[in-house]
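Enquirer: Starting from the structure of chain H, add chain S where the hints point.
Protein chains in written order, with UniProt numbering: chain H, 1 to 535; chain S, 1 to 535.
FYI, nobody ran anything at the bench for these hints, they're computed from the structure.
Quick caveat: nothing in here was measured; it's all calculated off a predicted structure.
Mixed in with the good hints, there may be bad ones.
Stated by the list, open to error - Sample of chain S residues facing chain H (criterion: CB under 10 Å; computed from the structure):
| no. | residue |
| --- | --- |
| 1 | R125 |
| 2 | L453 |
| 3 | Q479 |
| 4 | G483 |
| 5 | T534 |
Stated by the list, open to error - Here chain H is said to cover these stretches of chain S; the calculated rule only asks that three of the stretch's residues, wherever they fall, bring their Cβ under 8 Å from a Cβ of chain H:
| no. | region |
| --- | --- |
| 6 | 93-103 |
| 7 | 235-247 |
| 8 | 464-472 |
| 9 | 485-494 |
Glycine included, C-beta positions come from ideal geometry on N, C-alpha and C.
2 protein chains.
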Amino acid sequence: MAATPVWSVDPRTGKQREQVAAEATPHDVDRAVTAGHAARGALADRPARTAFLRAAADLLDASAAEVVAAADAETALGTARLTGELARTTYQLRAFADAVEDGGYLDIRIDRADPALTPPRPELRRYKVPLGVVAVYAASNFPLAFSVPGGDTASALAAGCPVVVKAHPDHPATSALCASLLRRAAEQAGLPADVVAVVHGFDAGLELIRHPLVAAAGFTGSIRGGRALYDAAAARPVPIPFHGELGSLNPVVVTPAAAAERAEEIGAGLAGSVTLGVGQFCVKPGLVLVPLGADGDRLTDALAKALGATGPGVLLDHRMRENFLAGVRERAALPGVTAPVTPGPGTGPDGEHTVGAGFLTVPARRLAAEGPAQGSAEDREDGVAHDGEDQGKDHHDYEVLLEECFGPVTVVARYADQGEVGAVLARLPGNLSATLQLSDAETAGAPGPAAELIGQVTELAGRVVVNAWPTGVAVAPAQHHGGPYPAATSHSSSVGGTAIERWLRPVAYQSVPDALLPAELREANPLGLPRRVTP
Amino acid sequence: MAATPVWSVDPRTGKQREQVAAEATPHDVDRAVTAGHAARGALADRPARTAFLRAAADLLDASAAEVVAAADAETALGTARLTGELARTTYQLRAFADAVEDGGYLDIRIDRADPALTPPRPELRRYKVPLGVVAVYAASNFPLAFSVPGGDTASALAAGCPVVVKAHPDHPATSALCASLLRRAAEQAGLPADVVAVVHGFDAGLELIRHPLVAAAGFTGSIRGGRALYDAAAARPVPIPFHGELGSLNPVVVTPAAAAERAEEIGAGLAGSVTLGVGQFCVKPGLVLVPLGADGDRLTDALAKALGATGPGVLLDHRMRENFLAGVRERAALPGVTAPVTPGPGTGPDGEHTVGAGFLTVPARRLAAEGPAQGSAEDREDGVAHDGEDQGKDHHDYEVLLEECFGPVTVVARYADQGEVGAVLARLPGNLSATLQLSDAETAGAPGPAAELIGQVTELAGRVVVNAWPTGVAVAPAQHHGGPYPAATSHSSSVGGTAIERWLRPVAYQSVPDALLPAELREANPLGLPRRVTP
Chain H
1 MAATPVWSVD PRTGKQREQV AAEATPHDVD RAVTAGHAAR GALADRPART AFLRAAADLL
61 DASAAEVVAA ADAETALGTA RLTGELARTT YQLRAFADAV EDGGYLDIRI DRADPALTPP
121 RPELRRYKVP LGVVAVYAAS NFPLAFSVPG GDTASALAAG CPVVVKAHPD HPATSALCAS
181 LLRRAAEQAG LPADVVAVVH GFDAGLELIR HPLVAAAGFT GSIRGGRALY DAAAARPVPI
241 PFHGELGSLN PVVVTPAAAA ERAEEIGAGL AGSVTLGVGQ FCVKPGLVLV PLGADGDRLT
301 DALAKALGAT GPGVLLDHRM RENFLAGVRE RAALPGVTAP VTPGPGTGPD GEHTVGAGFL
361 TVPARRLAAE GPAQGSAEDR EDGVAHDGED QGKDHHDYEV LLEECFGPVT VVARYADQGE
421 VGAVLARLPG NLSATLQLSD AETAGAPGPA AELIGQVTEL AGRVVVNAWP TGVAVAPAQH
481 HGGPYPAATS HSSSVGGTAI ERWLRPVAYQ SVPDALLPAE LREANPLGLP RRVTP
Chain S
1 MAATPVWSVD PRTGKQREQV AAEATPHDVD RAVTAGHAAR GALADRPART AFLRAAADLL
61 DASAAEVVAA ADAETALGTA RLTGELARTT YQLRAFADAV EDGGYLDIRI DRADPALTPP
121 RPELRRYKVP LGVVAVYAAS NFPLAFSVPG GDTASALAAG CPVVVKAHPD HPATSALCAS
181 LLRRAAEQAG LPADVVAVVH GFDAGLELIR HPLVAAAGFT GSIRGGRALY DAAAARPVPI
241 PFHGELGSLN PVVVTPAAAA ERAEEIGAGL AGSVTLGVGQ FCVKPGLVLV PLGADGDRLT
301 DALAKALGAT GPGVLLDHRM RENFLAGVRE RAALPGVTAP VTPGPGTGPD GEHTVGAGFL
361 TVPARRLAAE GPAQGSAEDR EDGVAHDGED QGKDHHDYEV LLEECFGPVT VVARYADQGE
421 VGAVLARLPG NLSATLQLSD AETAGAPGPA AELIGQVTEL AGRVVVNAWP TGVAVAPAQH
481 HGGPYPAATS HSSSVGGTAI ERWLRPVAYQ SVPDALLPAE LREANPLGLP RRVTP
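Pulled out of the complex, with its shape left as it was, chain H reads as follows (with noise of 0.2 Å):
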């Protein structure tokens, strides 16, 4: 059977620039995983392991200009983006590395014996130990800091686990090149090459998750997909963990208070986060609620603007463009909803490659209309106004407003009450943010919707945000990227300084010996690592 080839595409005209690989077969992940599992050894040295990530640090920055060529002629996202991308995915390496070095990850407590407790405890010592080969499934979207070398790849290893990425089709050019520079600074380290590897292709995914020596999994994208994985990795004879990040439609709540300060502000504010990266961040806001009335408008008005003077954008393939353009269009075709800016087909030469930018409108009440899926008979009676013209309609239809569109567009819920936001929020799925525009008195802690608020979205999101746009994820040691599902499978983080403990489980040392003990633990800390003691 012939190799399947992997070739570039040029998003900007939809042509094949190169053919970069071939899809990985069975015996290449076998092979590739396998030689992962070897180098474990090798990676469980601290200090050769900070200085993997550091001299992978400084190979991307070194071959910046190479490295942002090869992701934009994949992915259309511009050299500025990418370049900023680039700094975030060095940055990130370079934390990791810090991590590694500070070594408060591991988590290290210590209880000393007490005979005089009933019954006496014995000494245990803690720690936490890296989980084996982790596979990482990487993003269309970020084809740096979400991908080969991006964020999972960086706290696997920052972990001693080996790392095999499963490359996004949308960027194979881009993820190999990344590869061949992480594995060259594994060798600066004295390290195998093989602690990282790189495989294509869908099938090679799922034999990827399937493999018995894969111990752990880490993904960015969609629902569809994450779900095959999640499940394929709990149906495992040995069932491993699965960190998944799904989909999110990070809700917007504008207060009437604040439309009625910053209507312009938030309006313009929003656009730019809606068309960021031409509206493909998992943090994109989807859905905005916006008081009906002038304040409302006044705001709606400004987005219709500011979008309206967005140029259209390039998606990252053309499959993606016939999604949103199709996605634009069911939502646009249910009674109730108009678009103001209807997003749709670029125009101009480039037309047939690119799409504009738009927003769509719905009564808030229409999405009330029914009770939260996941919701109890109890949560059901909650605040539900029923509509009398659409008594005849199923709600159900609705249901896609509330569903992830990637693209350039988002949908402004218009809201006559506190009670209809709290039902159309009552109703949503996990999210990776939930954001908040209040006033200035409401900020001061003021009467009104706003503390009832911060308790409504803290139950659906993974990180709540006021007076500021979700799109740009600091990557910070207090960041918390995920939230409940399908915003993420696990109740961990894929950004900041706690990603790091998806890929480590923790072993209790019970009256070993100082001498055999791993140096991390020893009585007399030779390492110099923090530590949690119970005299």
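Expert: Positioned in the frame of chain H, the structure of chain S alone reads:
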């Protein structure tokens, strides 16, 4: 349809004692979960939660005689053991009350805004929030400490999650009594009684795991039952975390030097660990690697003597007794397996209700004959010593010796050299514990197999024990009770301070004004909680 009665049965006679309850219908399960969900707001009050947990411990202590009598009548575990187990249970409840008060489990992290960074970092404040209603599947073998008032319940309540316990059918009266005490404690602390509820029945357990408002589950039991529930949890429209403890072989390795030094002591200690609680501990040593030769013979002689002197015991129910006897028969019938002390039906007038303890022996090379079940091609090439006379024998028959046999029996595998030890260890699935018996010189770091053994058992267990026995799992901050699958279905611990982490998820607040932050995250730290701040 008439309700199915739930009977309390005396395992000492096999006779029904009393009808305790009826099996829960789907409506009953929905009512318990919905009531728990409605009570979660009240349970969010940390001082009330702390008072509740302490009141529960106090009420259990005050009812000790009644609770221990109820548990003994249903489990035959004996007053002494059950009194100790109750003490462990109330200690756990109080330890989690202290943990709630301390607040370290909230894992608060604060990153100050830094506009000088590229890109600028917004202010981020992160802590953890409870997941929602937790389903707890109680264990048969700890009617208190891993049942209604046990570690899963205590840690989930401490996290702020209401609990619905699926009672174990082996102790329904104890479950009902403990539930009534917990519910009374909740009311004493000003909380709704519905923060804890109990349901009975196999079908109720399935209803529970599928209920949309159940947010996570804890389980202690068999691989078969646990895997079925794990699969149901993963197959939900919204999958939920399933923290299950499914079974463990708990291997022990005795080095030649240890056998030379302490053969009799090790043999007697092993007998005590194997027969504790009539061999019904999840950390019972089920496979013991003992060197061939005179020292090893002395060890097995001591083991035989101690086991022979152990009186018959009553297992938790008659089905377990039948499974135990059948399991022993199946193993003892394998070629090469001997039974120096045959575990079997008890003797005397109660013989039909009791079992006697014993052990089997097998050459270690028989267990090493095949590659590891989970291993790669590379692993399968390691240390495989084929045995001429067994070439025609299906080596998979010996697999059963690597499976847990619940009850007072262990398998002693006699090894010729260190290669055989490594080859057997490489074939084992995940374990809760692994134990090494070492000589004095080896514990002091003398050359020998000890260092390699520590590395080998760290790969396959959640707790490594040296020169002690794995039974008796200390409730302590550094404890880890878990391990690679099937020991546990997740990488969390079900015992000790970190057990609370299973029921929480992080939320990050970005640029949220102080007046709207949860009290736990406010700048002035009004609750005096521990926090990690990045300036």
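Enquirer: Confirm or reject each hint.
Expert: Now for the hints, and whether the structure bears them out:
no.	hint	verdict
1	R125	holds (6 Å)
2	L453	holds (9 Å)
3	Q479	holds (6 Å)
4	G483	holds (8 Å)
5	T534	holds (5 Å)
6	93-103	violated (count 0)
7	235-247	holds (count 5)
8	464-472	holds (count 6)
9	485-494	holds (count 6)
Against the hints set out earlier in the document, a violation occurs for number 6 only.
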